[in-house]
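Trainee: Sequence:
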Amino acid sequence: MTEVTIEPNQGNSSHHLLRRDVRFLTTILGEVLIHQGGQELLSLVEQIREMSKTLRASYEQALFQDFKTVVRSLSPEDRHNVIRAFAIYFQLVNIAEQNHRIRRKRDYERSAGEKIQRESIEGIIAELHKDNVPPSELQDILQTISLELVMTAHPTEATRRVVLEIHQRIASDVMKLDNPSLTNREREQLREKLVSEVLTLWQTDELRDRKPTVLDEVRNGLYYFDETLFDVLPEVYQELERCLNKYYPDVDWHVPAFLRFGSWIGGDRDGNPSVTAQVTWETLTMHRQLVLQKYEQQLVELMNHLSFSTNIVKVTPELLESIETDKEHVRLKTEDVWRNDNEPYRIKLKYMVEKIINAQSHGTKNSQAKYTTPEQFLEDLWLIDRSLRSHYAGYTADIYIRKLIRQVELFGFHLAGLDVRQHSKEHEAAMGEILAKMNIVDNYAALSEQEKIKLLSDLLLDPRPLMSPYLEYSESTLEVINVYKTIKAAQAEFGRKCITTYLISMTQGASDLLEVMVLGKEVGLYRRESDGTVHCTLQPAPLFETIDDLHAAPGIMETVFNIPAYRNSIPDFNHIQEIMLGYSDSNKDGGVITANWELRVALKEITKVAKRHQVKLKFFHGRGGALGRGGMPLNRSILAQPPETIGGGIKITEQGEVLSSRYALKGIAYRSLEQATSALIASANLSKHQQVDSNEHDYEEIMKSISEQAQTKYQDLIFRDPDFYTFFKESTPLPEIGELNIGSRPAKRKGSDRFEDLRAIPWVFGWTQSRYLLPAWYAAGSGLQTFYQGKPDNLETLKQMYVSWSFFSSMIDNLQMALGKADLLIAKEYSQMSGNQDAAKRIFDQINDEYELTSQLILQITGQNEILDNQQVIQESIKLRNPYVDPLSYLQVQLLTELRSQPDNSSETTELLREVLLTINGIAAGLRNTG
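For reference, each letter of the sequence shown is one residue, going -3 to 927 in the numbering used here.
Certain hints may be false.
Here are the in silico distance ranges between beta carbons for each label pair [stated by the list, open to error]: (1) Leu849 <-> Pro269: 19 to 29 Å; (2) Arg896 <-> Arg114: 45 to 55 Å; (3) Glu692 <-> Asp544: 23 to 33 Å; (4) Lys399 <-> Arg608: 42 to 52 Å; (5) Thr905 <-> His531: 33 to 43 Å; (6) Gln293 <-> His387: 24 to 34 Å; (7) Asp544 <-> Gln293: 25 to 35 Å; (8) Gln856 <-> Asp174: 35 to 45 Å; (9) Glu182 <-> Glu692: 57 to 67 Å; (10) His685 <-> Lys600: 14 to 24 Å; (11) Lys329 <-> Thr368: 16 to 26 Å; (12) Val437 <-> Thr321: 55 to 65 Å; (13) Leu59 <-> His685: 49 to 59 Å; (14) Arg52 <-> Glu161: 53 to 63 Å.
In short, the hints are calculated from the structure, not lab data. Glycine residues also receive a C-beta, built at the ideal position from the N, C-alpha and C atoms.
Put together the whole structure using the sequences plus the hints.
Mentor: So, in structure tokens, the structure goes:
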């Protein structure tokens, strides 16, 4: 085998191509600006850009004032055009950067195996082979790993679908420019097409005119399955099997389905009254329609490739027999019958197409005239596979049939598992009403936790129903029950895998899990036989969100695992219990340092509990896209988990703008999933050969004290400063974010104005827009300082922790990213919008001091001269983007000030709000983050 090397990041080696693309696209944008607004518009945009760039290079107060004067003196029309020019600039730069990632991947592949890209599938398999990991151990790893990426409709995607589609077309055309065989005329035609696309982008409204409905959000999620994931996921498996066969050729590899996608969209009803039982049913129907449509398209396409004739080859008898069976049961229209009797594969495929069409038709009574399960469809595909190989057409089987087989294994007839989520209080209220109506207990909510557990455990053992068809229940209780009825009907209609998990927001006791199980028992989702055997098809999964909830989590799981009625249901889920951990709310509750630490502690402690009860755990990590909500690259989020906690599998949310940035383009989607696969295999291997640093216990004790001080510092400002919440609302675009129409879900739980009921997404979104990025770094410096205290020995310990402890180094590097993106000079401008300037100055100074302290300590710990010296590509990207983001920030402050001074319903309010929303979109594109 040729010796290969795993290459480090190429950094700037092909950076000139990226710069070329950026120049090319921005030149076209300049032409469009001249075409639409004359040379004056382009000159104005250039003047503002140059001033902003100069300010970044060397800040001078006089120039700063001149810059603000130019920005403030813009006419409404010029201001509108300048905002859109900078916003579209970022959209084009983002496209160029994404294309460059795909280009770099292709560069590695062109090296014919001499170089292997870091974090690739071949990279990890080559490494395991080099480390003499035997094939049996690798097979064991592949049997145990599991990663499910779950799409959510969290309202953080600020870009409209139509704009994303224009982006896709631009990306595709720019990529074609790399083709060296293009003629000059073809290049000119591509350029003309790109001018047209950028012009279309300029004349397309980037703002939504209404909030999306839940089914709109479902369609948005399905877009990624349709455009990329249906094809890209099988390619990831194909590459893994290729690498396994290359490095371990003596094994016949068929990788089990370890990587899948799921969804919350249409199932997540926590705080969103629009997600009804009927909407959930319609969501599942749309899932099935899409996947069957994709199979139909694949089968029709296969007919072009399977023209094998029995005049030349001999097919298997089982294929011919299956065709005769199909002829007996499946009725084809005259025009659909394949006329050439010597082409059996085409004849068979015609019947298979009809059976797929009939699969979603209730009018087809004959069960043999349609596929009722994906297993029946797979049977026919394997039958074709065997027949092709019998006449030595294995190449065709490998390329076409095996890919479709993999797609059916992954997507079934339900496309993706849909999780249902609801707040624990909704179940408690429904349970309370049901029990009161049956005279079992008058005030269920008033019972102690132990009394609830005893009552609910007894009800699970009681075969009698709780509800009576002769009693009337409130609308809210009926809706709760209808969800369970819908799940029961859906499992019968779409297959059990369509919904298997019921997530419980704000789980605070074992009773929260038992309530879901008792309500499921009412419709047959939980059934206990007379011999004590339990059958359960819907698993309650707790969601632990706040710091207090994380502390309570191990005890809660200990309690439920000790309840036989609950514990006996887990074997139906392959002895796996799913548990979700919330990164957003824990961060909002305790700050970034404490949230990260407490999540790690909870992971390890809950794992110990499960091990004692011989239960495997699947942890579901509720990460957002932004740093303040646990956001980080997918592969890093996998590697960040303690290796001993991944045994039962991992689930991770993919939210908002993360979906479009990772999965809108096939090349980017493939690279993201390849990196995730590499990280998953690496982490699973590490868990088998775990080596604990002898200092780790000491490090954990230090981290515990850092976390405690950081939490105190954080909560002193966020919860205990009476002026803080008002400062936040007045010094960020929080009130205006709700007008973006980016999600069907309300920004606040219960519609209240309490900070506790504010969702984590607008909390992070507001701080990101105002350039503080406070949730992603605040209080870290104070926490670190409590250990450091100016002592050289303590600093040396922190340096050693950074070098040798992955948890600490990951935390410090995430802090660097946040500090690098934050800009307190611009944030100060936002603080001047606050009505109480004395309080605003006091709070801003406190934030600024903490920023300086955190930055200084991180530089000392890492030994760097500047923040992000260790990630120079990102550092350079931020430096290049800032001069273009800054004008949008200053314009946003000006517009917010004007907007908030207007009387309600004035004629100018609508136009000013629209301009504010344009700046929000532009800044989100510039920082590549929303919430």
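Trainee: Confirm or reject each hint.
Mentor: Verification of the hints:
1. The supplied range of 19 to 29 Å is broken by Leu849 and Pro269, whose beta-carbon atoms lie about 44 Å from each other.
2. The hinted window of 45 to 55 Å between Arg896 and Arg114 holds, with their beta carbons roughly 48 Å apart.
3. At about 26 Å, the CB distance of Glu692 to Asp544 agrees with the hint of 23 to 33 Å.
4. About 43 Å separates the C-beta atoms of Lys399 and Arg608, a value consistent with the hinted range of 42 to 52 Å.
5. About 59 Å separates the C-beta atoms of Thr905 and His531, a value inconsistent with the hinted range of 33 to 43 Å.
6. For Gln293 and His387, the Cβ-Cβ distance of about 26 Å falls inside the hinted range of 24 to 34 Å, so the restraint holds.
7. Range check, Asp544 to Gln293: about 51 Å between beta-carbon atoms, so the 25 to 35 Å window is missed.
8. For Gln856 and Asp174, the hinted distance range of 35 to 45 Å is satisfied, since their beta carbons lie about 44 Å from each other.
9. Taken as a hint, the range 57 to 67 Å holds for the pair Glu182 and Glu692, whose Cβ atoms sit roughly 59 Å apart.
10. The hinted range of 14 to 24 Å is satisfied by His685 and Lys600, whose Cβ atoms lie roughly 18 Å apart.
11. A hinted range of 16 to 26 Å holds for the C-beta pair Lys329 and Thr368, which are about 22 Å apart.
12. Judged by the Cβ atoms, the range 55 to 65 Å given for Val437 and Thr321 holds: they are separated by roughly 58 Å.
13. Checked against the hint of 49 to 59 Å, the pair Leu59 and His685 passes, with Cβ atoms roughly 58 Å apart.
14. A C-beta distance of roughly 34 Å is found between Arg52 and Glu161, which places it outside the suggested range of 53 to 63 Å.
Of the numbered hints stated above, those contradicted by the structure are hints 1, 5, 7 and 14, listed in ascending order.
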